[in-house]
Every structure is written in structure tokens, then in C-alpha cells.
Amino acid sequence: MIAQLRNASPRREAVFMAVAAVILIALPWIMPYIGGYRELATRILIWGIFALGFDILVGFTGYLSFGHAAFWGIGAYCSGYYLLHANANALVAILIGVAVATAVAILLGYLTLRRHGIYFAILTLAFAEMFYYAALAPLQDWTGGDNGLTGIRTPELFGVKLDGDEMHYFVAAWTLLAIYFARRIARSPFGLMLRAIKSNETRLQSTGVNVYRYKVTAFAISGLYAGLAGTLYALYETYVPTESLHWTTSGEVVIMSVIGGFGTLIGPMIGAGIVLYLENVLSASTEQWLLIQGLIFMFFVIFLPGGVMEGLQRLADWGRKRHESATEAEARGAAPKGASAPTAPLRQRSQKG
Amino acid sequence: MDIGSLALQLLTGLQIGAIYVLIALGLTLIFGTLGVANFAHGALFVIGGYLGWLISSTTGYWAAFILVPLILFGIGVILERGLIQFFYRRPVTDQILVTFGLALVIQEILRWIFGGSTKPFPPPTWALIPVDIGIGYYPPWRLIIVAVTIAIVVLLFLLLRYTRFGLVVRAGMHDPEMLRFLGINVTARFTLVFGFGALLAGIAGVIGGPTTAIYPEVGMAMLVPSFLVVVIGGMGSLPGAIIAGILMGEAVSLAVLLYPPISQVIVYIVAAVILLWRPRGLFGHKGVMG
Amino acid sequence: MALLDVGGVTKRFAGLTALDNVDLKVEAGSVHSIIGPNGAGKSTLLNVLTGSIKPDRGSVVFDGHGLVPLQPYEINQLGVARVFQSPEIFPELSLLDNVMVATFAARDGSYKLNLFEHPSRAGELRQFAEEVLVDVGLEEHLTMPAKHLSRGDKRRLELAVCLAHRPRLLLLDEPTAGMSQTETHSTVELLRKISATGMTKIIIEHDMEVVFSLSSRITVLHQGRVIADGPPAQIREDEAVQEAYLGGVHL
Chain V
11 MIAQLRNASP
21 RREAVFMAVA
31 AVILIALPWI
41 MPYIGGYREL
51 ATRILIWGIF
61 ALGFDILVGF
71 TGYLSFGHAA
81 FWGIGAYCSG
91 YYLLHANANA
101 LVAILIGVAV
111 ATAVAILLGY
121 LTLRRHGIYF
131 AILTLAFAEM
141 FYYAALAPLQ
151 DWTGGDNGLT
161 GIRTPELFGV
171 KLDGDEMHYF
181 VAAWTLLAIY
191 FARRIARSPF
201 GLMLRAIKSN
211 ETRLQSTGVN
221 VYRYKVTAFA
231 ISGLYAGLAG
241 TLYALYETYV
251 PTESLHWTTS
261 GEVVIMSVIG
271 GFGTLIGPMI
281 GAGIVLYLEN
291 VLSASTEQWL
301 LIQGLIFMFF
311 VIFLPGGVME
321 GLQRLADWGR
331 KRHESATEAE
341 ARGAAPKGAS
351 APTAPLRQRS
361 QKG
Chain E
1162 MDIGSLALQL
1172 LTGLQIGAIY
1182 VLIALGLTLI
1192 FGTLGVANFA
1202 HGALFVIGGY
1212 LGWLISSTTG
1222 YWAAFILVPL
1232 ILFGIGVILE
1242 RGLIQFFYRR
1252 PVTDQILVTF
1262 GLALVIQEIL
1272 RWIFGGSTKP
1282 FPPPTWALIP
1292 VDIGIGYYPP
1302 WRLIIVAVTI
1312 AIVVLLFLLL
1322 RYTRFGLVVR
1332 AGMHDPEMLR
1342 FLGINVTARF
1352 TLVFGFGALL
1362 AGIAGVIGGP
1372 TTAIYPEVGM
1382 AMLVPSFLVV
1392 VIGGMGSLPG
1402 AIIAGILMGE
1412 AVSLAVLLYP
1422 PISQVIVYIV
1432 AAVILLWRPR
1442 GLFGHKGVMG
Chain Z
-6 MALLDVGGVT
4 KRFAGLTALD
14 NVDLKVEAGS
24 VHSIIGPNGA
34 GKSTLLNVLT
44 GSIKPDRGSV
54 VFDGHGLVPL
64 QPYEINQLGV
74 ARVFQSPEIF
84 PELSLLDNVM
94 VATFAARDGS
104 YKLNLFEHPS
114 RAGELRQFAE
124 EVLVDVGLEE
134 HLTMPAKHLS
144 RGDKRRLELA
154 VCLAHRPRLL
164 LLDEPTAGMS
174 QTETHSTVEL
184 LRKISATGMT
194 KIIIEHDMEV
204 VFSLSSRITV
214 LHQGRVIADG
224 PPAQIREDEA
234 VQEAYLGGVH
244 L
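Those protein sequences? They're chains V, E and Z, same order as listed.
Just so you know, the first sequence maps onto residues 11 to 363 in this note's numbering.
Just so you know, the second sequence maps onto residues 1162 to 1451 in this note's numbering.
Just so you know, the third sequence maps onto residues -6 to 244 in this note's numbering.
Think of the hints as simulated: they come from the structure by calculation, not from any bench.
Remember, it's a predicted structure, so these values are computed and weren't measured experimentally.
Where a beta carbon is used, it is the ideal one built from N, C-alpha and C, also for glycine.
Among these hints, one or two may not hold up.
[As the list claims (entries may be wrong)] Residues from chain V that keep clear of chain E, each with C-beta distances beyond 12 angstroms, as calculated:
#	residue
1	W39
2	R48
3	H95
4	G169
5	G174
6	I195
7	F310
8	A326
[To be verified] Here are the simulated distance ranges between beta carbons:
#	chain 1	residue 1	chain 2	residue 2	range
9	Z	P84	V	I35	17 to 25 angstroms
10	Z	E124	E	V1434	30 to 38 angstroms
11	V	F313	E	G1196	50 to 58 angstroms
12	E	S1218	V	N99	54 to 62 angstroms
13	Z	V54	E	G1196	36 to 44 angstroms
14	Z	E124	V	E338	32 to 40 angstroms
15	Z	G8	E	V1434	30 to 38 angstroms
16	V	R21	E	L1437	45 to 53 angstroms
Could you build the full structure based on these sequences and the hints that come with them?
This is the structure:
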């Protein structure tokens, strides 16, 4: 997937971004036809940014964080606090939220990335919970405690109130930027280093690379994305619930990413769309949406750990194989239909990829 | 603040720590032998709490105390055979994801069955009336929790030191490679270890439930500090888990006394300080964590 | 002056002395073999040289730099590369990307925040990486994930990753272990070709034929001590060496 992405030509990249832009902008108009509502599209994009940044850390380096609620929540609280107490300037609110979230991410990265995966997963979970409980009691004068931050004014951009469709365009612009930069990072030497971390840290160390610093940087970038998504969420909801810092928020982005497919950038965004869409559709008819979500998640972890993207890939391979065997059979003119397709040798396949 | 109330508060810290210790011992046993960080361990604790509430309110508390750990052992065995065992050879990330998914599913099933509200799970009445213990009046229930935990810890150490099962577990915690050379049916022991860890979570649920209150999300609320106890004790170290557990319990308890708003944050602050000072935890060594 | 100067290195593991006051001088341009029975401390010595194990005592000086306090990646950046006993490559990355990691590390140092560099800018590096791959005999399937290679080819790829960094000292841990006769032969040829470039090498090897055909100097380790050190002809005659190998191997 990423290998293909690395080789894309500038023209193909421009086409990709143009198509992405059309889809992002058209989403609110599509939603009502498939059982959603217009604002659901905006929510999907915001969570999509979150999941996209999360993939730069988890999908590329293989370090699974259970604490990204911290950066989402801190971004949301900071920008919400600004809007509540200063003025309605959306850009300043975002800038403040993102800056604080990224700074905290660098700090937590230094603390949690010293050792391997299990340790990292536990510590990120723990420190995010620390922020949750801190917001709940000791900092309640600033965070509003249990109530969260309420009564946030509608943000403005150069005098235009960001509400409804305007808000969607605003979020869509950020989403496009987020996608563009994530793809640039994926293709850069930096992205290659991150994939090398996932593949073999020992080799990377012995190849003269300061693995720890790359990991902290990847963590900070994903924290920046999470912070951006969190600030947009606060702007969009004009409300910051305490759940923004809760582990369920971290869990949500993990679930979305797994369902979509880690390491593919676009997959986790699709995962965000699937989860939010299903939640919207199923919540109407059942109270057990969270149980269903948990079961879907388990299904993917057990049977299709590469998520929807892996599923699509397998379907494509299967389809191509069928096509190949069909044309072969035609060429020979004798073989019966449905004969088992010869498995394509790995080398042949990889030469194409 | 007088000495007496400080002493009582320290005793409460010991009791809070005892529950952390019971959960953390199960976590560290499972991690040390199977190499799996069990994110569903808090969910097992809640199952223990709900079953304790159910059985004690119908049959009586003693029945709950005997039955709940046994049922949890059974649940642990089923989970290991039915799910966890297929993940030993999969990437660490998948192991974390599957136990996390399990935690979510168990939590939601419990919510479905019992509803989202808090269940009143009172201990037996006689255990609630404070008695004079020399330094002041204190509810016997909390003393019982400490006593049971001490008994469990002693039993656990005897089990690990003097039985063949214990030998395998210790060997596994010391050096997983070694197990393969011992020519023992490792699989069966793994199942037992997971079941045993679940049993400990069950005990924690049935004796700790009355102090923590029982609702679906309490599992994760207990899991996170317990995980921290395991990490700052040194992952895979049993004495480390015990000492760290007590330390955390006391930290919480003293925070309640001195500045209540930070009582839920203090464990994380203590953990951060310890990990900055000793990244491998108090009793961590290179062998177990790599 | 020697390129690498190891002085009095001692390392104990829980009661076992893996390295006991080891001295070693490796001259620039030489091919220096370290031999000895299993458990003699050869791999521990390599681990000390590359910084993954810190010695209890002693010094390691490479080209004027003390290596003991340095991290493995810093030691590599100074020009010390290592081929491991069981090939350490990036299994999920393509052959070309495996080598590209090393070329970027050589160009950018141990860390560089070049998040947005476009792949087209790395054309020259890519060409160089391809050349290195051709040098080690891997000119096909450059975009195939490395995990599909045979064991021998993985070793070649690892060698390419090391060479792409243009190291001044190359450490090889049993480069022919587990290889067939033909593979061994072609590996020896390859190593000889690299030696022709004047690159200094330390080789740990069990195959005495390989050792004596490549080495300009040999150090013999036994139970963590250096028991002999000298040119191949001298080692061949050394009685202590014969003794250490218990007569099992005729040098």
C-alpha cells in the first residue's frame, strides 16, 4: 500500500488530492441519502484527522498508544477555553490547542517511549487517565469539572461565523491539509525510518539511526494531529465534554484504525467513517451499539487484523487471480471453469507492486 | 491531625493497596509466564464484583467468597483456551488489541445484563460496625481485606516455591526459552496460570467490590492503576507488585487526608516520578522485559 | 596507530567471566579474524565493540574515539558496521528500501527532521543503493519485501545495508554459518572483493578454511582470554591454540 504511495507521480498525486477534495466537500450532501445527517460528515472528517495522525505513529512504527485522548482532549480544552474567555478567532484557538497538545505529546513521548510496546501501551493509557482525573477534580476551576466546558461561542474566521456548512468547509480544508502532509511524510526519508522501526529496531540502531528520537517525533506528530482534531471538535460542538480526555476516546480511535486498517493512512479515515456511520444508524434501533462495536472490533482483530483495507486487498487479489486463471483457461481452451487458480509466485507479484 | 487518625488512614492505604496487589499479582503472573499484557483483567475483576453481589444477596456472603473465585477460574480457563491461546504467536500489538476488545465486550455485556447504574454491594453487617483496634475505631471489613490479601500472598509464594506448577511458572518468568527445554506440557500450565490470574481478580472483586462500588466501568478504573503498580514494581516481578501496590494504596490514602482533589491523580504522579528515576521499575531487571 | 584499540576489556555475567582482560589491536586495512571454541566470548566482544553491551572494565578506542560510553547508533555513525550472526534486515521493507535506510542514515546522520523531502530528490542515493545491491549480487527483485529472500541472500542484503554506509570497520559475525559449500564459496569471494577496497574487517568464523584464506591476522579467544595473536602462519603452529581446540580441529 505504502510502497505504491511512495512511487506515485506528482500528477497522480494531484489527481488524488482533487478527488479527495471533491469527496470531502460532497459528503454532507451524500449523508442524508444513506441514513445519516449533514453534520455527521463533519464529525467523520474530524475523527478522520485524529485517526490519520494516529496511523503515522501506530501504523508506521508499530507502537500502539492507548492514550491519544490526552492530546485530543487537551487540544479541545485549550481552544475551548480560549473561545470561552478571549474571543471568537478560530485560527488562534486552533493554534493554541495544537501547540499545547504537541508540547504535551513531546513530554509524554520522552517518558513512555523508552521501552518496548507493552510498556508503552500501558503507560500511555495511564498518563491519559491522569489528565482525565486532573481535569475532573484538581483543575475543575478551568475545566468545568464534571460539566465540561459549556457555553462556548460560535467561532469565527475573518468575520464569518463557522456554523453548519461553513464549519464543514473549514474542517474539510484542514482535513485536506492533514491528508496532504501525512502522504508527504509517508513518502519522505522520515517515513521510511518509521517503517524501519516497525520492521527491525535492532538493525536500525546498528545502521546509525537514533531510533528513540524518531519515535518521539512520530509520537509528537500524531499528538499534533490528535490535538488539531480535538480543537476542531471543540469548535464544531461548541462544547468540551470530560469524555474528550477519557480512555474511551483513545479506545475509539484504536477501534476505528483497526477496522479501517493500520499503516494505510486512508484506512483509518475510512474506519472513522464506518464506525460513526454505523453508530448513527444502529443507535436508532438498539441500545447495545457499544457491544456491537466491540464485537465488530474483535472480529477484525481475530480474523482480519489488516482491517477493511486488507479485506479489499484480498478481494482484489482474488479477483485478479480469477481473471488470470480465466484468461489462461481461455487461452488453453480446454481447462474446465472453476479449476483452482495457480498461486502466483511471490516474486512475480512483487515485481508488479 | 493526630497520630491516631494518621495511623487509621495508613491502614486504609494498606487496604486500598491490597486490592491493587491482588489485581496486579494476577496481571504480572500472566504477563511473566504468557508474555501477554491482559487488558481484560479489570473486566474479570468486575465480573467478580457482580457475581459477588448476586450470590451474596441471594445465598450469602460466604458462598460468594467460595464460589466467585472458582467461577472466575473457570472463565479464565475458557478465555485462554477459546481465545488467548491463538494469540501467543501473533504480534504483541494484536495481543493487546484482543484483550482490550475483550474488556470492551465484557463491560458491555455486563451493562446489558445489570444496567449501567451502581450496584449496592454491602459486606456482611457485622463487618461494617467499627470496632476498637487500639488506635481508634475501624470497620472490620477493611481489616479482613488486608488479612485475606496477606493470606493469598503467602499461599501464592508457597505455591510457587514448593509445587511443580510453581517451578514451571518461575521458570517461565525467569526465562521463557527455558520452558521449552524442560519438556513439560507448557500449554496446560499456561491455561492454569491464566485461570489462576482470573481467580485472583475474582477474589479482588468479591472482597474489594464493597469498597469500590460495582458498575461496568469500574473495571478499567481499577485496571489502569493496577497496571501502573505492575510497571513501577518492575514488570514480571511479584515482590515488586506487592511493594508498589502498597505504595500506591498509601499514596492515595494520604492524598485523601491531605488534599482530596488529587486523590485520583496521585498514583500517576508517583508513577511518573518513579519511572523517571528508575525506568525499569523498582524491581525490574533486563531479563524479563528485554 | 591501530584503527581499533581494545585495552583490558572485562565483562562478567552473573558469575561467568565472558571477557577477561582482552586486548586487541586492529590495523587499518587488515582482515582480522577472531576464532575460538564456542563460548570463548567472541560474540560478547563484538557486542562490546558495537556498544550493545557495556564492559565492566577496559577501553575501546576507534580512530581516537572512546566507544564505551557511546550508543550503538553513535558507534555506527563513526564508521563501525556489523553483520549479525543471524541476518538482521528489515523483513517487511523492499530490498531497495533496506539499503535506502542506510544511505539516508549516512547522508543525514543519526537523526534529521526531513518530513517532507520528496522521493525524487533522492535519485542519486537511489542509484548508489542499487549499485551496492549489484555489488553484493542482488540485482533482481529490488522492490520485493526482503523477507522472501533465502537465508544466504538475506546475509548479502545485510552486507549491502552495512556497505551503503561506507564503514571504515566492518564486523562480520560468522558470515558463512549455515551456508552450503557454494554459498560459502561465493561469500568468501564477495568478502575478498570488499577487502580489495581496503576496508578493515573483523571476522568471527568457525570455518578454518575461510579464516586462513581471508585473514591477515588472527586472535584466538579461549574462555574469555586472548591465548594467541599473530599472523595466520604463526597461529597455525601455536601449541596453546591446538590445546584449546582439544585437537578436534586440525589447523
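Results of checking the hints against the structure:
no.	hint	in the structure
1	W39	holds (34 angstroms)
2	R48	holds (29 angstroms)
3	H95	holds (22 angstroms)
4	G169	holds (41 angstroms)
5	G174	holds (33 angstroms)
6	I195	holds (21 angstroms)
7	F310	violated (9 angstroms)
8	A326	holds (23 angstroms)
9	Z:P84 / V:I35: 17 to 25 angstroms	violated (41 angstroms)
10	Z:E124 / E:V1434: 30 to 38 angstroms	violated (52 angstroms)
11	V:F313 / E:G1196: 50 to 58 angstroms	violated (22 angstroms)
12	E:S1218 / V:N99: 54 to 62 angstroms	holds (57 angstroms)
13	Z:V54 / E:G1196: 36 to 44 angstroms	holds (40 angstroms)
14	Z:E124 / V:E338: 32 to 40 angstroms	holds (38 angstroms)
15	Z:G8 / E:V1434: 30 to 38 angstroms	holds (34 angstroms)
16	V:R21 / E:L1437: 45 to 53 angstroms	holds (50 angstroms)
Consistency note: the structure conflicts with the earlier hints numbered 7, 9, 10 and 11.
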